[in-house]
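Engineer: Each chain, letter by letter, is given below.
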Amino acid sequence: MIKIEQLHKKFGKNQVLKGIDLDISQQGVFAVLGPNGSGKTTLIKTLLGMVIPDRGNLSVDGKSIKNNWKYRNQIDYLPQIANFPENLTVQELIAMIKDLRNRPVEDERLITLFKLEPFLNKKLSNLSGGTKQKVNLVLTLMFDSPIIILDEPTTGLDPIALLHLKAIIKAEKDKGKIILITSHIMSFVEEMADEIVFLLEGKIYFKGHIEALKLQTKASNFEQAIANLLTQDHV
Amino acid sequence: MFKILKYSFYDLIRSRWSFVYLLFYLMLGSVLLFLNNDLSKAVITLMNVIIILVPLIGTIFGVMYYYNSKEFTELLLAQPIKRSTIFIGQYLGVALSLSLSLIIGLGIPFVLYGLFQSNEIWDFVLLLITGLFLTLIFTALAFNIALYNENRIKGFSYAILAWLFMAVIYDGLFLMSLIAFQSYPLDSFSITATMFNPIDLSRILILLKLDISALLGYTGAVFQKFFGTGFGLLLSTSALSVWVLLPVFNMYRKCRKKDF
Chain A
1 MIKIEQLHKK FGKNQVLKGI DLDISQQGVF AVLGPNGSGK TTLIKTLLGM VIPDRGNLSV
61 DGKSIKNNWK YRNQIDYLPQ IANFPENLTV QELIAMIKDL RNRPVEDERL ITLFKLEPFL
121 NKKLSNLSGG TKQKVNLVLT LMFDSPIIIL DEPTTGLDPI ALLHLKAIIK AEKDKGKIIL
181 ITSHIMSFVE EMADEIVFLL EGKIYFKGHI EALKLQTKAS NFEQAIANLL TQDHV
Chain B
1 MFKILKYSFY DLIRSRWSFV YLLFYLMLGS VLLFLNNDLS KAVITLMNVI IILVPLIGTI
61 FGVMYYYNSK EFTELLLAQP IKRSTIFIGQ YLGVALSLSL SLIIGLGIPF VLYGLFQSNE
121 IWDFVLLLIT GLFLTLIFTA LAFNIALYNE NRIKGFSYAI LAWLFMAVIY DGLFLMSLIA
181 FQSYPLDSFS ITATMFNPID LSRILILLKL DISALLGYTG AVFQKFFGTG FGLLLSTSAL
241 SVWVLLPVFN MYRKCRKKDF
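As given, the protein sequences belong to chains A and B, one line each in that order.
Residue 1 is where the first sequence starts when you use the working numbering, and the numbers rise one by one after that.
Residue 1 is where the second sequence starts when you use the working numbering, and the numbers rise one by one after that.
The hints are simulated quantities; they were obtained by calculation from the structure and are not laboratory data.
It is possible that part of the hints are untrue.
[To be verified] For the chain B half of the interface with chain A, some residues (derived, Cβ under 7 Å), not all of them: (1) S15; (2) R16; (3) Y67; (4) E71; (5) L75; (6) P80.
[Claimed, not checked] In silico BS3-like pairs for lysine-lysine, Cα to Cα no more than 25 Å straight-line: (7) A:K98 to B:K41; (8) A:K132 to A:K115; (9) B:K70 to A:K122; (10) A:K3 to A:K177; (11) B:K70 to A:K123.
Every residue gets a Cβ at the ideal spot worked out from N, C-alpha and C, and that includes glycine.
Next comes chain A alone, as it looks inside the complex:
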């Protein structure tokens, strides 16, 4: 479904991506990990067409994404910072995104699940950070697209909402979707992810299952394995 070949991107003098090759063809949850500034968000944004690569090919479902915007119909994206037009109410925002994508949705189930009914007629500028993130989640997950990209989905969520989120991710995975997640919460990643894509200095440093990672780094737990990966000599 997603094929990335020799992706390069430079911001000014800062070479962020230095030749990424990634091929995701089977379903599952893929965690994109890496230290701050390793290029996780840039990679996701290039996939969404928000950042335009200097070199390299990206294709979704066999079609190149260059000068193409229709492929985004197949992607649901949760941005990292939930910030919306201040003068709109929650309901209006949901209606607006529905209107823009013009696809069947299941917003009501998600609104009930995240208990957002009392906020539906409130303006977005009056919501707390966690509530905004819930609205953000509803906006992303109400569509039924084959690819889901979640950038730091756990930010600001209370434990109950987090449980619901995990359940949703599992359910979506069982439907046969590809789910890309970035997160700094290692326990969340360990629980959800089937495969890890570890970025370091603009390259894919490790790709594979968590078990393989533990084996390679000779660590007993996942957090330790990631730490080992970072402290190893990477020449």
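Assemble chain B onto chain A, guided by the hints.
Structural biologist: Chain B alone, transformed into the frame defined by chain A:
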């Protein structure tokens, strides 16, 4: 595009600042009519206010809207929508809501005063058209500046500088060059120089229509002498249209290459 336009427009007409802007014009129009008791004098005074104030408001609103809706724009960029659609839609949303404030704010007092029974109706309509042009031009310039500058402080400063340059500094430079080169024929120079400033163009456009030679100034007089009133009006209107189209086209070009 119309969906984006619609939502930007609704978002803006419900903001407090649009109301302030509308109320300001309502008050200005009413006070001027009340004090002058003369439609055509009110139109001239309004012209002087509009050609300075409309560009300023267009610039500030344009830059402010762009930076304020940045995160939301990112949300839109991830949706299956063409990039140019998003930015042109937002631009039109801002420009139209500002134009609406202008038209309603000035329209109500003038209509109540009896605009439709007077001969000055076309002068007034032309005033509104100029206001519309200036809003479109300066909002587009503001969007361009914002697209080129990630840093909002820088973006704001450049936008204000652009306005200051067009509204104040340009005239000064223009006059100084006229004095410095007064022994040369300056007709074609001054016409060209006017074409490069939409604020001067608008002033000439309105004054040509009002036919007040005392206020025309040097360029206006040259305009009238060279082109006559009719052709002069046509020429300045087309120059203003070019002023709208160029920044919009550049916006279209730039937004397709930019990283977000």
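Engineer: Take the hints in turn and mark each one as holding or not.
Structural biologist: Quick rundown of the hints versus the structure:
The restraint placing S15 of chain B at the interface with chain A holds, with a minimum CB-CB distance near 6 Å, inside the 7 Å limit. For the restraint placing R16 of chain B at the interface with chain A, the shortest Cβ-Cβ distance is roughly 9 Å, beyond the 7 Å limit, so the hint is violated. Restraint check, Y67 of chain B versus chain A: the minimum CB separation of about 12 Å is more than 7 Å; hint violated. The beta carbon of E71 of chain B is positioned within 7 Å of a beta carbon in chain A (closest approach about 3 Å), and the interface hint is therefore held.
With a least beta-carbon distance of about 6 Å to chain A, the hint placing L75 of chain B at the interface is held under the 7 Å criterion. Nearest Cβ of chain A to the Cβ of P80 of chain B: about 4 Å, under the 7 Å cut. The hint holds. Proposed proximity of K98 of chain A and K41 of chain B is contradicted: the alpha carbons are some 51 Å apart, above 25 Å. A distance of roughly 12 Å separates the Cα atoms of K132 of chain A and K115 of chain A; the hinted pair therefore holds under the 25 Å criterion.
For the hint linking K70 of chain B to K122 of chain A, the alpha-carbon distance of about 21 Å falls within 25 Å, and the restraint holds. Note on K3 of chain A and K177 of chain A: the hinted pairing holds, with a Cα-Cα distance of about 15 Å set against a maximum of 25 Å. Annotation: proposed proximity of K70 of chain B to K123 of chain A holds, straight-line Cα distance about 18 Å (limit 25 Å).
Checked against the numbered hints above, the structure breaks hints 2, 3 and 7 and satisfies the rest.
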